[in-house]
Amino acid sequence: MDFILKGMAQGLIWALLALGVFISYRILDFADLSCEGTITLGASLASMLLTKGANPVLAILLSFAAGCVAGALTGFLHTKLKIPPILSGILTMTALFSVNLHIMGSANLQLNSVKTLYTSLTAALSINKTYLSLIIGTLVCLAVMGALYWFFGTELGASIRATGINERMCRAQGIDTDMTKIIGLALSNGLIALSGAFICQYQGYSNINLGVGSIVIGLASIIIGEAIFSKAKNFFLTLTGIVVGAVIYRVVIAVVLYFDMPTEDVKIMTAFVVVAALFITKYANKLGKRHHILGATGQAPANEARSDAAVREKGGNTDE
Amino acid sequence: MSENNTPMLSIKGITKAFYPGTVNEKIALNGLCLDLNVGDFVTVIGGNGAGKSTMLNAVAGVFPIDGGDILIDGVNVTRLPEHKRAAYIGRVFQDPMMGTCANMQIEENLAIAARRGKMRTLKWSITGGEREKFREMLAMLDLGLEDRMTAKVGLLSGGQRQALTLLMATLMSPKLLLLDEHTAALDPKTAAKVLEITDKLISEHKLTALMVTHNMKDAIAHGNRLIMMHDGRVILDVSGEEKKQLTVESLIAKFSENSGEDFVNDRALLNK
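Keeping their order, the protein sequence lines are chains B and U.
Just add 34 to the spot in the first sequence (first one is 1) and you have the working numbering.
Just add 80 to the spot in the second sequence (first one is 1) and you have the working numbering.
Please keep in mind that the hints were generated in silico from the structure rather than gathered at the bench.
Hints may be right or wrong, so weigh each one.
As the list claims (entries may be wrong) - Heads up, simulated SDA-like pairs for lysine to any residue below, C-alpha to C-alpha not over 25 Å straight-line:
| no. | chain 1 | residue 1 | chain 2 | residue 2 |
| --- | --- | --- | --- | --- |
| 1 | U | Lys203 | B | Phe185 |
| 2 | B | Lys267 | B | Ser132 |
| 3 | B | Lys114 | B | Ser132 |
| 4 | U | Lys255 | U | Leu151 |
| 5 | B | Lys114 | U | Lys255 |
| 6 | B | Lys114 | U | Phe98 |
| 7 | B | Lys267 | U | Ala231 |
| 8 | B | Lys114 | U | Leu160 |
| 9 | U | Lys203 | B | Val174 |
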């Protein structure tokens, strides 16, 4: 059973990545690939700081800040230099590869002999590392979900949501859509780097290839979560779904690895799961089930003509 | 009414060419001049490609213009980006999907509109007091939307969405209301209802408005002034009593007279 608990613990920290990807992909409708670089940025910066003897909490906060800067850079490339979304993300990701190597000083950074959040707390509270990581993961996820729920309920948060739905309307309503995109991407990548900062401490090392395929992992978590919480009307429930999705994803991986599936095949399996999930949801769409999913158009023209009759009825006396 | 000699909108010889320097070059606005006095409700007609929508988009700041100046209530807005000009301008588009956020609730859309021209802060996006105000305003539309304030706008019909967009555009009493064929995508009866709401909101808020339409009858029946555009300029400008005397036939005659061309616009003819 221990491998399942470990999978859950990992899922909870990878959930931060999924929440970050959710902000760019779903809320901003921006296919942001900088994710693969920022998760490694978070991990390498935190690891480097920890080997220098920094406080683990401080290392985590600085990683979040660095992720925000990287996300803002992607936003800047897209909004101010007019580079298409995908390319902006790829450029940031590519640049971050060098940055991350410089930060770590090598492709790998071991944290075996340094004090991390997990080692210091297991010692202080004298509990099992797996339980500790479950507790930390749950608390961090709840805090982030609460913060996101609050933020996207504010005036600024609402204008970021609106930007992802209808940019033209936003500008007509006086929203600086360049700014809302930059803020949204900064927040998204901040969370992704935060995820990286926890991951490296949990696994005890950081690696330059940590981020490879992370966008797909984030998407897989979102899709699994949305499939389970498809009826979620409340934003907090949607966020909960994503965290649950990330946990399920990690548990499934843990189970598969437990049954001796070669590690190299995990990524192709993830890709397959995402493709299958996207295909199935699109197919369900065609059958008339309305489901807002990646790639499927955001708007729902099916309901157009439905209640024009109501308008007409009320207005009928004007010219008849 | 205060005596105010500054026009609410002053378009001073603006020009705009699309695809300049290519074979597709199209001069959409050709030294266009137009002044709107405070409280003017001007209907705009003209054939396809006459520059009607381009004029509205130029005023709204959707793209930079090549020359000339645009002043709103004496303030030169020519160099202001679109979202900053929005502080002065309310807009309704031809496409009912364009003016609202489909995946957001009716009240959320209104709350966004209620902050036009203001800083978006970290305060909660909608207050209880606002909800009450929105409910009353929606009730005035007489479409039953006041009981569906938390419904997603994507569930509304095109007509309901245009009515909501109108409400959002006028919520903060803009200095200028720009209506870009906002009834063209609706069926005739729905269009009539939306126009009725338009008239009501404009007179209620005493707005200065520009309404582009392809329907000549509507252009004659609404507003206090009518302009006709051709090749990026105003070729006819009538107001007051003279406007009331207009008929579709006389308008078509005036078009041929002033533009030196036959009126060849199927859509406008069909809409007589």
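Hint check:
A threshold of 25 Å between alpha carbons decides the hint, and for lysine 203 (chain U) with phenylalanine 185 (chain B) the separation of about 9 Å falls inside it, so the pair holds. Restraint check: the Cα-Cα separation between lysine 267 (chain B) and serine 132 (chain B) comes to about 42 Å, which exceeds 25 Å; the hinted pair is violated. The straight-line distance between the Cα atoms of lysine 114 (chain B) and serine 132 (chain B) is roughly 24 Å, inside the 25 Å bound, and the hint therefore holds. Distance hint between lysine 255 (chain U) and leucine 151 (chain U) is fulfilled; the C-alpha atoms sit about 11 Å from each other, no more than 25 Å.
For the hint linking lysine 114 (chain B) to lysine 255 (chain U), the alpha-carbon distance of about 29 Å lies beyond 25 Å, and the restraint is violated. Between the alpha carbons of lysine 114 (chain B) and phenylalanine 98 (chain U) the distance comes to roughly 22 Å, so the proposed pair stays at or under 25 Å and holds. Restraint check for lysine 267 (chain B) and alanine 231 (chain U): the C-alpha separation of about 11 Å stays at or below 25 Å, so the hint holds. Distance restraint check for lysine 114 (chain B) and leucine 160 (chain U): the Cα-Cα separation of roughly 16 Å lies within the 25 Å cut-off, and the hinted pair is therefore satisfied.
A C-alpha spacing of about 24 Å is found between lysine 203 (chain U) and valine 174 (chain B), which places the hinted pair at or below 25 Å, so the restraint holds.
Violated hints for the displayed structure, listed by number in ascending order: 2 and 5.
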